Amino acid sequence: MEKVKKSKLFKKTLVIIIGLFALISVVTCFFSGTILYKYLTDEYISKGTTIAKTIAETSVEIILNHDHSTIQSTIDQFLEIDGVSYLYVLDTNNEIISHTFTPYVPNRLINKTKIESTIIKKPVDSQITIRRIDNSIDIEHPILLGKLGIVHVGMNLSIIIEQIKKEILRLVGIIFIIFLFSVYIAFLLIKNISKPLIDLTNYSKLLANHDFQKPLDFQDKLASTIKNQKDEIGTLASAFVKLEMTLIDYIENLKEKTKTNQKIQSELNIASDIQMSMLPIASLPGLKKNNYSFASFIKPAKEVGGDFYDYYFDQDNQKFHFILGDVSGKGVPAALFMAITLTLIRTANKTESSPSEILNFVNNLVCEDNEATLFVTVYYGVLDIKTNKLTYVLAGHNPPYHITKKEVIPLDLTEGMALGIDETFKYKEKTIQLNDDSQIFIFTDGITEAHNKNGKLYGDEKLESHLKELSIKQPKTIIDTVYNSVEKFAKGRTQFDDITMISLKKMDPLSKFRTMKFDLSNNKREITKLQQKCELFFEKNEISNNQSMKYIIVLEEIVSNIILYGFTEIQNVPKISIKLTFKNKKIETWITDNSHPFNPFKDFEVEDIDLPLDEKNIGGLGIHLVKTIMDHYEYSFKDDKNIIYISKSI
Amino acid sequence: MEISYSKQKDILIINLNGNLDTVTSHLLQEKIEKIIGEGELKLIIHCAQLNYISSSGLRVFLMTLKRLKPLKGQLILASMKDSIKEIFNISGFSPLFKFSLDIQSGLNSFN
Numbered sequence: 017m018e019k020v021k022k023s024k025l026f027k028k029t030l031v032i033i034i035g036l037f038a039l040i041s042v043v044t045c046f047f048s049g050t051i052l053y054k055y056l057t058d059e060y061i062s063k064g065t066t067i068a069k070t071i072a073e074t075s076v077e078i079i080l081n082h083d084h085s086t087i088q089s090t091i092d093q094f095l096e097i098d099g100v101s102y103l104y105v106l107d108t109n110n111e112i113i114s115h116t117f118t119p120y121v122p123n124r125l126i127n128k129t130k131i132e133s134t135i136i137k138k139p140v141d142s143q144i145t146i147r148r149i150d151n152s153i154d155i156e157h158p159i160l161l162g163k164l165g166i167v168h169v170g171m172n173l174s175i176i177i178e179q180i181k182k183e184i185l186r187l188v189g190i191i192f193i194i195f196l197f198s199v200y201i202a203f204l205l206i207k208n209i210s211k212p213l214i215d216l217t218n219y220s221k222l223l224a225n226h227d228f229q230k231p232l233d234f235q236d237k238l239a240s241t242i243k244n245q246k247d248e249i250g251t252l253a254s255a256f257v258k259l260e261m262t263l264i265d266y267i268e269n270l271k272e273k274t275k276t277n278q279k280i281q282s283e284l285n286i287a288s289d290i291q292m293s294m295l296p297i298a299s300l301p302g303l304k305k306n307n308y309s310f311a312s313f314i315k316p317a318k319e320v321g322g323d324f325y326d327y328y329f330d331q332d333n334q335k336f337h338f339i340l341g342d343v344s345g346k347g348v349p350a351a352l353f354m355a356i357t358l359t360l361i362r363t364a365n366k367t368e369s370s371p372s373e374i375l376n377f378v379n380n381l382v383c384e385d386n387e388a389t390l391f392v393t394v395y396y397g398v399l400d401i402k403t404n405k406l407t408y409v410l411a412g413h414n415p416p417y418h419i420t421k422k423e424v425i426p427l428d429l430t431e432g433m434a435l436g437i438d439e440t441f442k443y444k445e446k447t448i449q450l451n452d453d454s455q456i457f458i459f460t461d462g463i464t465e466a467h468n469k470n471g472k473l474y475g476d477e478k479l480e481s482h483l484k485e486l487s488i489k490q491p492k493t494i495i496d497t498v499y500n501s502v503e504k505f506a507k508g509r510t511q512f513d514d515i516t517m518i519s520l521k522k523m524d525p526l527s528k529f530r531t532m533k534f535d536l537s538n539n540k541r542e543i544t545k546l547q548q549k550c551e552l553f554f555e556k557n558e559i560s561n562n563q564s565m566k567y568i569i570v571l572e573e574i575v576s577n578i579i580l581y582g583f584t585e586i587q588n589v590p591k592i593s594i595k596l597t598f599k600n601k602k603i604e605t606w607i608t609d610n611s612h613p614f615n616p617f618k619d620f621e622v623e624d625i626d627l628p629l630d631e632k633n634i635g636g637l638g639i640h641l642v643k644t645i646m647d648h649y650e651y652s653f654k655d656d657k658n659i660i661y662i663s664k665s666i
Numbered sequence: 006m007e008i009s010y011s012k013q014k015d016i017l018i019i020n021l022n023g024n025l026d027t028v029t030s031h032l033l034q035e036k037i038e039k040i041i042g043e044g045e046l047k048l049i050i051h052c053a054q055l056n057y058i059s060s061s062g063l064r065v066f067l068m069t070l071k072r073l074k075p076l077k078g079q080l081i082l083a084s085m086k087d088s089i090k091e092i093f094n095i096s097g098f099s100p101l102f103k104f105s106l107d108i109q110s111g112l113n114s115f116n
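Protein chains in written order, with our numbering: chain X, 17 to 666; chain D, 6 to 116.
Source of the hints: derived by calculation from the structure; they are not laboratory data.
Just to be clear, a hint being listed does not mean it is correct.
[Stated by the list, open to error] Here are the simulated lysine to any residue pairs, SDA-like style, with alpha carbons at most 20 Å apart: (1) K90(D) to L205(X); (2) K643(X) to G23(D); (3) K545(X) to F93(D); (4) K664(X) to E91(D); (5) K643(X) to S88(D); (6) K484(X) to K549(X); (7) K304(X) to N269(X); (8) K90(D) to K533(X); (9) K90(D) to K549(X); (10) K28(X) to L205(X); (11) K402(X) to E91(D); (12) K643(X) to Q34(D); (13) K533(X) to K549(X); (14) K549(X) to N56(D); (15) K305(X) to S41(X); (16) K664(X) to N20(D); (17) K540(X) to K90(D); (18) K86(D) to I559(X); (19) K664(X) to S88(D); (20) K86(D) to N562(X); (21) K86(D) to K545(X); (22) K315(X) to F512(X); (23) K540(X) to I95(D); (24) K181(X) to K315(X); (25) K545(X) to I95(D); (26) K643(X) to I95(D); (27) K90(D) to T644(X); (28) K63(X) to K28(X); (29) K69(X) to L39(X); (30) K549(X) to I95(D).
Quick caveat, the model's predicted, so the values are computed rather than measured.
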């Protein structure tokens, strides 16, 4: 009940009803008041006229007889009639003959003043004049055409107004009763409408926090609404209940599905682990010893994928097999096919050593019972460690890149089709010679066909330009950089296809000695370490003792200068870093230290070597040696560090 | 750096073996100052086994020369390797010193 009273709907309806009734009351009262007033006035006028006429006609003789008391009694009789307020008779001199005024005659009659009055109605009888004087209607009738005097009858208007007031009050009373009744009806109606609505609101609030394990108890409350109300509200209520039941079913269903999915997911994770564990992880000391560097990478698009790589070092024949494959399709079917192919390859390369023979064998077996009509593209390469010759077959696989310092070019195709299509196919192989600092980069199309948000492909060009930039880098660096680039390119998209890369590099045997880095502390004894490190560096780079000694002298001069004159205001842990490189017959060195800014080339005066012995200044000699021996020297202060750069061509 | 001595009449032969650098040159400097202090004024420094010299080594030779000059002493650098001689040339020290091919010719050049 309280709720209904508070209901906004009810308040609104109440306001409308009050407004409506107020309007009806005003209009009704106005019209009925006006009509009543007119009717009563007419009634009074006709009554007054009749009275005036009667008096005028009956009083002719009496006046002629000057029987004023008879006139008085006559008019007194009429005063009894309802609505008559006064009567008086005037003679021809406008003197009052008789009247009914009590207790006194109005002044206007005594003083015979002409009064302001309005003629309110044109009477039927032309002799009569009807005026409105104060609260009365004055009806004037001449006696014997005015020859004997005039009769005035005053009808009391305030009686009429009283009457109207009473009528209106009654009317308003009736309307008010109807109003109360209407409010009650509205209240009942709204209660009927808003109760189920309030219930529905509460129900929906409960639904929002519901866990949908079982139906809410609140449903029972709505049951009667649904049953009894066959209108829109009933429909809405039943829709709500249906929604709840559907959600309960749906959530139950979802739980089931999630359970199943979790199970599948965990099985897939295990499958993924198994698949990954099939791929080799062994390190390759035999390869490293012979100045080769190798790296591999795989990232399936789903838990399991159809890409694979394999490698093994055939110690007996000094041959390195490295293989990359891509099964058509994705997911579990591709993964199973991948496992078969990988196993067959491993079986084959225990007995066969030529890539074409191995693939002939594998293809033959893969084609048997290949009802799923899957196929697999394969790169198979065998490197002869002794001759540095790479023999390879491309079975339908996109050509790997041959990266040298100068260029990045795709390997020639070997006209081979993918495995699993034609069991009679005979694979051909090709051979290329690998030189120092050249690299073979093999990949699957998961790289070049990676999409970005706009649906654009990563493409061969982008890959090639990356490989060009990275041409001197190690296989691992190249693979990592390419993967990062693809990942960045395809950001926001789920991985389109499995991504797999392997790369083999023939290293320059001396390359590991081309650069040397080491640190020294600010101790004079570190000079010995400097000499030893540099001697090793120059020896490995086959630089003559004479050249080497002069270069070491220069380094000693610079470093001892730093040790003796730098670090006078020690703030950091003193550290002197040396980097030596030998490239294109040029030795370059960067000596970096974290002491205060100190430019030895400027802060020491160059020794004047022509001065006589006594005047020779001992300081500055070292710097003189640096400047004389080196082709180039340079000082800079960057990032709070002194950097001295020196270089000399040999 | 190994330093050893031998004496031929009044001439002291100082035999150097190793590197004369920032770390080792003060050893030679101390030894020579001591020798001169003891009155040795005719010195031959035998450099056949001297493999390396930096400016601090050069300074020791220059110091020796400066010490001997007022005492009318003499210093001869014997059997110096070409690579070390080149450093003397580069540093402009060569005109200041007397060099001899070997110890014998060094001994002979003393009056």
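Verification of the supplied hints:
1. K90(D) to L205(X): With a Cα-Cα distance of about 124 Å, the restraint between K90(D) and L205(X) is violated, given a limit of 20 Å.
2. K643(X) to G23(D): violated (25 Å)
3. K545(X) to F93(D): violated (24 Å)
4. K664(X) to E91(D): Distance ~17 Å between K664(X) and E91(D) Cα, so the pair holds.
5. K643(X) to S88(D): Holds, because 18 Å separates the two Cα atoms, which is no more than 20 Å.
6. K484(X) to K549(X): This hinted pair is violated, its Cα atoms lying about 34 Å apart.
7. K304(X) to N269(X): The given pair, whose Cα atoms are some 57 Å apart, is violated under the 20 Å limit.
8. K90(D) to K533(X): Cα-Cα ~30 Å, so violated.
9. K90(D) to K549(X): Distance ~24 Å between K90(D) and K549(X) Cα, so the pair is violated.
10. K28(X) to L205(X): Holds: K28(X) and L205(X) sit about 13 Å apart, inside 20 Å.
11. K402(X) to E91(D): Judged against 20 Å, a Cα distance of about 45 Å means the pair is violated.
12. K643(X) to Q34(D): violated (26 Å)
13. K533(X) to K549(X): Satisfied, since the Cα-Cα distance of roughly 9 Å is no more than 20 Å.
14. K549(X) to N56(D): holds (16 Å)
15. K305(X) to S41(X): Given that 20 Å is the threshold and the Cα spacing comes to 114 Å, the pair is violated.
16. K664(X) to N20(D): Distance of about 33 Å is beyond 20 Å: violated.
17. K540(X) to K90(D): This hinted pair is violated, its Cα atoms lying about 25 Å apart.
18. K86(D) to I559(X): holds (18 Å)
19. K664(X) to S88(D): OK: K664(X) and S88(D) at ~17 Å, within 20 Å.
20. K86(D) to N562(X): Cα-Cα ~10 Å, so holds.
21. K86(D) to K545(X): Between K86(D) and K545(X) the Cα gap is close to 24 Å, so the pair fails against 20 Å, i.e. violated.
22. K315(X) to F512(X): At roughly 11 Å apart (the allowed maximum being 20 Å), F512(X) and K315(X) satisfy the hint.
23. K540(X) to I95(D): This hinted pair is violated, its Cα atoms lying about 24 Å apart.
24. K181(X) to K315(X): violated (100 Å)
25. K545(X) to I95(D): Violated - the C-alpha atoms of I95(D) and K545(X) are around 25 Å apart, more than 20 Å.
26. K643(X) to I95(D): holds (10 Å)
27. K90(D) to T644(X): holds (15 Å)
28. K63(X) to K28(X): Answer violated: K63(X) to K28(X) is near 52 Å, above 20 Å.
29. K69(X) to L39(X): violated (44 Å)
30. K549(X) to I95(D): violated (25 Å)
In summary, the numbered hints that this structure violates are 1, 2, 3, 6, 7, 8, 9, 11, 12, 15, 16, 17, 21, 23, 24, 25, 28, 29, 30.
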